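Asker: Here's the letter readout for the chains.
Number of protein chains: 2
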Amino acid sequence: MTVNRQWVLAKRPHGMVTRDNFAYREAAVPEPGDGEVLLRNLYLSFDPTQRGWMEDRESYLPPVGIGEVMRAGSVAQVVTSRHPDFAEGDLVQTTGGWQDYLVASPGSGVMGLSRLPDGVPPTLALSVLGVTGLTAYWGLLDLGEPQPGQTVLVSGAAGATGSVAGQIARIKGCRVVGIAGGPDKCRWLTDVAGFDAAIDYKADDVDQRIGELCPDRVDVFFDNVGGGILEAALNHINMHARVVLCGGISAYNATAPIPGPANLMNLVVMRARMEGFIVIDYMDRSAQAVADLVAWMEQGLLHHQVDVQEGFDNIPDTLNRLFTGRNIGKQLLKIADPE
Amino acid sequence: MTVNRQWVLAKRPHGMVTRDNFAYREAAVPEPGDGEVLLRNLYLSFDPTQRGWMEDRESYLPPVGIGEVMRAGSVAQVVTSRHPDFAEGDLVQTTGGWQDYLVASPGSGVMGLSRLPDGVPPTLALSVLGVTGLTAYWGLLDLGEPQPGQTVLVSGAAGATGSVAGQIARIKGCRVVGIAGGPDKCRWLTDVAGFDAAIDYKADDVDQRIGELCPDRVDVFFDNVGGGILEAALNHINMHARVVLCGGISAYNATAPIPGPANLMNLVVMRARMEGFIVIDYMDRSAQAVADLVAWMEQGLLHHQVDVQEGFDNIPDTLNRLFTGRNIGKQLLKIADPE
Numbered sequence: 001m002t003v004n005r006q007w008v009l010a011k012r013p014h015g016m017v018t019r020d021n022f023a024y025r026e027a028a029v030p031e032p033g034d035g036e037v038l039l040r041n042l043y044l045s046f047d048p049t050q051r052g053w054m055e056d057r058e059s060y061l062p063p064v065g066i067g068e069v070m071r072a073g074s075v076a077q078v079v080t081s082r083h084p085d086f087a088e089g090d091l092v093q094t095t096g097g098w099q100d101y102l103v104a105s106p107g108s109g110v111m112g113l114s115r116l117p118d119g120v121p122p123t124l125a126l127s128v129l130g131v132t133g134l135t136a137y138w139g140l141l142d143l144g145e146p147q148p149g150q151t152v153l154v155s156g157a158a159g160a161t162g163s164v165a166g167q168i169a170r171i172k173g174c175r176v177v178g179i180a181g182g183p184d185k186c187r188w189l190t191d192v193a194g195f196d197a198a199i200d201y202k203a204d205d206v207d208q209r210i211g212e213l214c215p216d217r218v219d220v221f222f223d224n225v226g227g228g229i230l231e232a233a234l235n236h237i238n239m240h241a242r243v244v245l246c247g248g249i250s251a252y253n254a255t256a257p258i259p260g261p262a263n264l265m266n267l268v269v270m271r272a273r274m275e276g277f278i279v280i281d282y283m284d285r286s287a288q289a290v291a292d293l294v295a296w297m298e299q300g301l302l303h304h305q306v307d308v309q310e311g312f313d314n315i316p317d318t319l320n321r322l323f324t325g326r327n328i329g330k331q332l333l334k335i336a337d338p339e
Numbered sequence: 001m002t003v004n005r006q007w008v009l010a011k012r013p014h015g016m017v018t019r020d021n022f023a024y025r026e027a028a029v030p031e032p033g034d035g036e037v038l039l040r041n042l043y044l045s046f047d048p049t050q051r052g053w054m055e056d057r058e059s060y061l062p063p064v065g066i067g068e069v070m071r072a073g074s075v076a077q078v079v080t081s082r083h084p085d086f087a088e089g090d091l092v093q094t095t096g097g098w099q100d101y102l103v104a105s106p107g108s109g110v111m112g113l114s115r116l117p118d119g120v121p122p123t124l125a126l127s128v129l130g131v132t133g134l135t136a137y138w139g140l141l142d143l144g145e146p147q148p149g150q151t152v153l154v155s156g157a158a159g160a161t162g163s164v165a166g167q168i169a170r171i172k173g174c175r176v177v178g179i180a181g182g183p184d185k186c187r188w189l190t191d192v193a194g195f196d197a198a199i200d201y202k203a204d205d206v207d208q209r210i211g212e213l214c215p216d217r218v219d220v221f222f223d224n225v226g227g228g229i230l231e232a233a234l235n236h237i238n239m240h241a242r243v244v245l246c247g248g249i250s251a252y253n254a255t256a257p258i259p260g261p262a263n264l265m266n267l268v269v270m271r272a273r274m275e276g277f278i279v280i281d282y283m284d285r286s287a288q289a290v291a292d293l294v295a296w297m298e299q300g301l302l303h304h305q306v307d308v309q310e311g312f313d314n315i316p317d318t319l320n321r322l323f324t325g326r327n328i329g330k331q332l333l334k335i336a337d338p339e
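Same order as they appear, the protein sequences are chains A and B. Under my numbering, think of the first position of the first sequence as 1, with each following residue one higher. Under my numbering, think of the first position of the second sequence as 1, with each following residue one higher.
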């Protein structure tokens, strides 16, 4: 056994995250106690919400402390087990953080500790069948309540969550329009993921295109972006529309408060609802979601993309790929292969 | 019978409404056809939403056309009846508009045509038992879902709708904090209407005071104002809070779009909901609301204030009292006494 490489939070970010926000550290490999396992991280998950965890403000999870290992979901392998439910070599999902090794138990971290189902590769466990897929599933179905024939608009539509949300809407019989950045992502949405149409927010007039592509207006808007895209979508909501607030990546690196949409009164005119959620509230029902998601994948109805970076040294830079739009689907980083 | 005095919309407003936006006109008194009644307006209702009706934009009702009589709710008296359900001298509620006389039938206008219950004075029919009271009732109870012991915050709390919403919340066992303009309105809220506390937005730091006066955070925010007050309230919402969007008077006279709150992500962090509604969707259930409101008034649990201006010539200026905060409770204007 070797040293435990770690990236810890060195200082809180102002604007875009840089390598200076983190410090590289080498620590001793920890020892598991009774009821615990020693894990080696294989794949790290990168999610826009992690940017918020770096801020010193009240939120749905406590901030990562200065000097603490950066929090992140991961797939890991059991090196040593002192828990009866886990054996050496098992692949597990947990909140592993930006490090090689950690000690965990079923109650530890946001995600707890759960064995990957047989045959599920780590990349799938961290994408469609992971937090992002579950976020899409519960956000769309529980808050969005899409009905067959309704129009569903998705922002961040080529991302890990948006792409799954849009495809579930399509599976449920909705007309689905996605908003994404660049022609490649838009082509993937319509040609592979089966969206009815895509809007390239880097090239198109988003407000005008929503109007053209959603002639019956928007019944469900699944929003990962916020800002001007939320405002444009609100211009086109239908009566009794549901705006599912999943995220607001457009403001996560803002250095000053970014004003919200000027047209919230459209929620009144249209008797519409805007609602936020956090997927951790649904974790006790994840089996139901995973069963549906697996079935849709097996039927060829649900496609996904995974962007796997490599190298421990690249961890800090990989986070920013989410905010520059460079990631193609779910952003992961491989630290090691399973042994 | 005399001429029919009218105020018609002459040009659309830019910013605050002025007398120039209307033209005074004298028309012939209309003749009722079969199934219709001729009405004489007694009291006109002034509501913030009427400002929106003057704009040429899609909304929940068509705009008032240039040259058309300005739309307004009213209590009127039947002059001539050619409908079996109405007799001469009956007091009715309808969408009478800014004029002396009109022809109406049960299906006419937004409000239809309904007889005032025996013993209900016109001022009550147009305030607590009218559109504003029903708005408070359905918005608070149907969307806000207040539970005993929860904290309810109301903006525009001394206004016709906010004051009723807050008192219903108090009746339902909630802690109620109101936001209003000026010490007199705040004193009325706590000393007469039984609010637990009041915030004077003209003198206090609203954000800070909400934090102090709502130590358990805000479970229901009933908003009539929008803008900075909405943003301040969102800073203090509790888990699973309901933000009832009733109105946004702070922006109704804006000459350029006013940005929305920068902290909509608090809806995500708190798994909270923001929802708009229009009371006309609840009109088929108004008997239920009126029964409760009457009972609460008879028990001395529900207080209200009515601000009755007089004089046909004062009609245009009276609308602006809502936007300068000069009105004390429900804004009405008396054109004539019943005969």
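Heads up, some of the hints might be wrong.
[Stated by the list, open to error] A few chain A residues that face chain B, going by a derived Cβ cut-off under 10 Å, partial list only:
id, residue
1, G181
2, G247
3, A254
4, A256
5, I258
6, M265
7, M270
8, R271
9, G276
10, I278
[Stated by the list, open to error] Which bits of chain B does chain A cover? Going by a derived footprint, with three or more residues having C-beta under 8 Å, they are:
id, region
11, 276-289
12, 319-333
If you're looking for bench data, these hints aren't it; they were derived computationally from the structure. Keep in mind the model is a prediction, meaning the values are calculated, not measured. Even for Gly, the Cβ is constructed at its ideal location relative to N, Cα and C.
Asker: Next step is simple, just say for each hint if it's right about the structure.
Answerer: Tested hints:
| no. | hint | verdict |
| --- | --- | --- |
| 1 | G181 | violated, 21 Å |
| 2 | G247 | holds, 7 Å |
| 3 | A254 | holds, 9 Å |
| 4 | A256 | holds, 9 Å |
| 5 | I258 | holds, 6 Å |
| 6 | M265 | holds, 5 Å |
| 7 | M270 | holds, 7 Å |
| 8 | R271 | holds, 5 Å |
| 9 | G276 | holds, 3 Å |
| 10 | I278 | holds, 6 Å |
| 11 | 276-289 | holds (count 4) |
| 12 | 319-333 | violated (count 0) |
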